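Engineer: Residue-level listing of the chains:
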Amino acid sequence: MKKTNWLLLVLALVLSMFLVACSGGDSTDEGSSDDGSTDTEQDSGSDSEGDSEAASGEQVLNLIDGAEIPTMDASLATDAVAFQWLGSTMDGLYRLGENAEPEPGIAKDHTVSDDALTWTFNLRDDAVWSNGDPVTANDFVYAWQRAVDPDTGSEYGPYMMGGVIKNATDIAAGDTPVEELGVKAVDDTTLEVTLEKPIPYFESLTTFGTFLPLNQAFVEEQGDQYALEADTLLSNGPFVMTEWSHGEGWTLEKNEDYWDAENVKLAGINVKVVKDTATGVNLYETGEIDRTGLSAEFVDQYRTSEDFRIEEEPVLFYLKMNQEANEILGNVNARKAIQHVIDRQSMVDVILNNGSIPAVGDIPANFVSHPESGEDFRELNGDLVTNDVDKAQELWTTAKEELGIDTAELNYLGGDTEVAKNLDAYIKDQLEKLEGLTVNVQSVPFQERLDRDTSMDYELQNSGWGPDYIDPNTFLNMWVTDGGNNKTGYANEDYDAMIEKANNELAQKPVERFELFLEAEKKLIQEDAVLAPLYQRAAAQLWKPHVKGVIVNPMGPDYNYKHAYIEGK
Amino acid sequence: MTRYIIQRLVYMIITMFLIATFTFFLMKFLPGTPLSAADKLSEEQQQVVLEKYGLDDPVPVQYFNYIFNLLQGDMGISFQFDNREVTTIIFERIGPSMTLGVQAMVIGTILGMLLGLVSAIYHNGFLDYGSTFIAVIGKSIPSFVFAGILQYFVGVKLGWFPVALWEGWEYTVLPTVALAIFPIAIAARFMRTEMLEVMGSDYITTARAKGVNKFGVVFKHGLRNALIPLITVLGPLAIGLMTGTLVIENIFAVPGIGEQFVKAINTNDFPIIMGTTLLIAFLFIFIVLIIDLLYGVIDPRIRLAEGE
Amino acid sequence: MENHKPSKDLFVPVDRAENESEKITRPSLSFWQDSFIRLRKNVGAMIGLFVLLFIGFMAIFGPYMNPYGEFEQDLSRAKMPPKVEGLGWLGMDGMLTSVQTADTVEGAEEKALMRFNNQEEFITTSVLSEGGNGEPAEVEAVYDVYGAKGLEDQNFWFGTDGLGRDLWTRTWKGTRISLYIALLAAAIDMVIGVAYGGISAYYGGRVDNIMQRIIEIIVGIPNLVIVILMILILEPGIISITIALTITGWIGMARIIRGQVLKLKNQEFVLASKTLGAQDNRVLRKHLVPNVLGLIIINTMFTIPNAIFFEAFLSFIGLGLPTPIASLGTLIEDGFNSLQIYPHILLFPAIIISLLMIAFNILADGLRDAFDPKMRE
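First to last, the sequence lines map onto chains D, B and S. Residues in the first sequence are numbered consecutively from 1, following the UniProt record's numbering. Residues in the second sequence are numbered consecutively from 1, following the UniProt record's numbering. Residues in the third sequence are numbered consecutively from 1, following the UniProt record's numbering.
Derived from the structure by calculation, the hints contain no laboratory data. Since the model is a prediction, treat every value here as computed from it, not as a measurement. Keep in mind that a hint or two might mislead.
[As the list claims (entries may be wrong)] Below, a list of computed lysine-lysine pairs in the DSBU-like style, where the Cα atoms sit at most 35 Å apart:
(1) B:Lys220 / S:Lys41
(2) S:Lys274 / B:Lys210
(3) B:Lys52 / D:Lys275
(4) D:Lys275 / D:Lys569
(5) D:Lys548 / D:Lys265
(6) D:Lys184 / D:Lys509
(7) D:Lys501 / D:Lys184
(8) S:Lys263 / S:Lys274
(9) B:Lys210 / S:Lys263
(10) S:Lys111 / B:Lys157
(11) D:Lys108 / D:Lys265
(12) D:Lys544 / B:Lys157
(13) S:Lys149 / B:Lys157
(14) D:Lys391 / D:Lys522
(15) B:Lys157 / D:Lys275
(16) D:Lys265 / B:Lys157
(17) D:Lys265 / D:Lys544
(18) D:Lys544 / S:Lys111
(19) D:Lys275 / B:Lys28
(20) S:Lys286 / S:Lys41
(21) B:Lys263 / D:Lys544
(22) D:Lys166 / B:Lys52
(23) S:Lys111 / D:Lys275
(24) B:Lys52 / B:Lys263
(25) B:Lys210 / S:Lys41
(26) S:Lys149 / D:Lys433
(27) B:Lys220 / S:Lys286
(28) S:Lys111 / D:Lys548
(29) D:Lys197 / B:Lys52
(30) S:Lys274 / B:Lys220
(31) B:Lys263 / D:Lys275
(32) B:Lys52 / D:Lys184
(33) D:Lys548 / B:Lys157
(34) S:Lys111 / S:Lys149
(35) S:Lys111 / D:Lys569
(36) D:Lys569 / B:Lys157
(37) D:Lys184 / D:Lys108
(38) D:Lys391 / S:Lys149
(39) S:Lys263 / B:Lys220
(40) S:Lys286 / B:Lys210
Bound conformation, chain D alone (with noise of 0.2 Å):
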């Protein structure tokens, strides 16, 4: 009796872990095969030759992301992450180049009315979707109709038209309908754009990921299923999306049906989320992988490597002061002596040491260019912060009369990234430099450090910024009265009407306008000190030899593989 009673435990035990290591088994293989009978139904959906044995060949690049894509659908994209991966798989008007020139998508050429407001785009006749329908106009005009109403929730197509197309603010404050906005197909391969007013980076916007055209039947075909896998997306880009395990990673072929295709030379892209830097690294030292990320530490040891890379890029941080919701940082003294009391030469080489370089305004280093003599915009106007440590005590005493105050204590609203924990204790650390000052860094979720931003609650905050267009107008016209993502309570007349200015009545006289913008730049940094710069970010990388032709984007997608090719592996 005592030995079945034993037995019927131990059997259960056994069951129990069984039955659970079943189901754990079967949900894996269907999350993790490689041809399993997932895969043949999202090659009929795809239309691509083979399966995904043919992304292990010699063309292949294996590439890692810190995040899997949040949508594939380009009108409700916002980060970089699903732009990156709708740029490799869709073409647009344009797609950025080399040095960021945009090189012809789907339109073969443009021309522009007198007014600056008509853009007519020739489109080609020989571009398809991945389902074999043609790319026509009517597939931009229906996308960007789409991400303007209302009825999408798309954040960015109100935000990135809004003021640009004709109409788009209006329709998407639900007044106009959405037939109204300014963007016609002429015929299938015409389409026309009328613009709210002249914009000069007009070209270097229809790169931008939420101007990709969308097939219309087929998303209406598909709903709210739109974009969720890879069998209920098309591409017309370089590439298709043949797999999408969501969490674990994604492959991408080579789209034979591209107008452009024999200048794809990659068969494919295999890409897996991984989210820990060490981890990367040692999947890149196993020969897993083509590139990867480092971290500071890392770069100590990696220095000397071949493989190791420095990219800059156009992005920018700084510390927003929140000048409404505090006494202190509403006046300007104690804003400039913030500015001037933090070192940055040593912030950029100890702690962040991956090639970053100091901010000294809010137009990054190599971005935009006098269209005159070519100077860097960041040349002409120099430096416009500086660390003077005595400077700024001088200032803080100023602002500390002014206020009538002895001490101050401020609350900082502190990073999540891994070098944020080091950069807040640093920045705590120089700004206390100021006598009288404490700073508490408070640590917050991600999404509620988001909410506070929007609803200023905070009074200092690290916070950063990268271009959605080639123009110093991205970075400057933020900080225009109640702008969307000013959020720091600046509010200057004289400001808005120079950003106004530049954007209206100089928008044809390139050189006027771009003195303007150094001169509001100034205004900005220097007289009403409304944001305290820190750096502008680079990337330090590992990239195998053997993988040439990637091109580094400022802005939009990171990567653009269309051209990239492996040799000599």
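Dock chains B and S against chain D, hints included.
Structural biologist: Then chains B and S, alone, in the frame of chain D:
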């Protein structure tokens, strides 16, 4: 017994309902919205988004909708991944976590029990201290350090197993070992304690006096005794391991649910938080029921069913 | 026959007082005294106790043993390796080494110099392998960091971290925080967990049923959600972590105690005690709890590292102690990033946490043995 089980199953439903309710209102209590950049949206658009997630109704209505949908197995759609269903996302992610958890539990428990047995038999001897040391080190080195070292030395330097990623059985080896440290340490310690308890008891002395072999008697009687605390601790631990651990999943790039859960918390993805919570709670309650039933099997003197 | 009888005179009555027959040769000891004597005899346990006291002492006084402050930053002295006068042979000589490989010896040497910013006067290179035959050349470079930075007169016993903060001071300050969290977690376990589990199992039936359902609900709501609520209601920091631990930390213990008491409560000695009229309270305190003491101790030993690492985990996802406060957990996490190149940042906090755990465990084993009445000699 059957009556007791049925009774417990009814309680289980009530508990699940209470947990669902609690989590729902906790979520309502947390600040934040699904709108990742609210001010980029016009008011009209915000309205559309809120409607899409059913957030425009008053809270009580939302609550009844939520419970009603839950009864039909619908947990809504995720905030961070547009239009993707919570159930799909969770089931996609739970597989790898389960595989690792079960493997680690089986290996860890067996090894840990052996270690504990050896410890007890050679009480205060070299082997005892040795296995205590292993168990303690296993527990006092943070899992991410252990996992990192494992990955570097076994994966990169020795090249015995894949460094990371999730592409087949051999990819589960290193994360499983990294996870198994917990059950090894715990099983070893509890086994040792209970074994020592048993070894001092009269019936073992009697059995030994009658000439029964040392290992046999200790194992047979000791194991049964050690099982009660062991299953009490290991049951919930198993749930913990099976439902994913952020660090291990991050280091070995495993597409598991732990990582997903933390990300959902960081991005206010309430439907995913609620879905995952309910899943973990269900597994936990289920395991507790099994454990309570096993108590009676292991030691017939324990009677849970009859109450005053 | 008479002769065979011994004379009564041969027997002298032993002079024994009445009370002496009742005398016990060994001194009378209470349970606790007895346990303490046994504990004192256990060498391992005593070493454990000593190590704990030592770490406690250092946590209190360590930060004042050198002139550097916990938050004192200086980027020019970042990532200095540890240096202790006279302990150079232990590797604590303030030197960094790096092995570089290249096709030729010259190439490797050049890389070795480049690795340490080409400060040649402070770099000693030695050729490990000449290379050739397809084998790369290997050159080892030893770099005198203290010399190169003009800090020969300074000693950072544990080195410095990425911001140039002295790790000795930070480590012991961090030990303070971690010890606080550890002791707090242990106390919660012992008080709430034991009482809850004991009561639940002892009274059984409906009481047990309700108490267990409450546990299920508490466990059902993830810890992380509770912590985030705390952080958003209070401020992030030690108080919100404390509260989060208090809410959920005792559950494991409660379940273990319950399991064990369920087993024990129907055994003969409990029944005997009850029959003799003992109150429930007495049965629980005098009979049941001492019998589960071993498990209580073992489980507490697991609670302590769990609590320490729970705090570290919170820091890992950015919800722990606000920067720049250190705990052993945050220090280890910080050091882990540079494990391969500046191992000293990880090493010392890791050693201390391991020592702490080993000491706790050996002491706990000793306590367990000491409290076990069956182990009495």
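Engineer: Starting from the hint list further up, note which numbers the structure goes against and sort them upward.
Structural biologist: none
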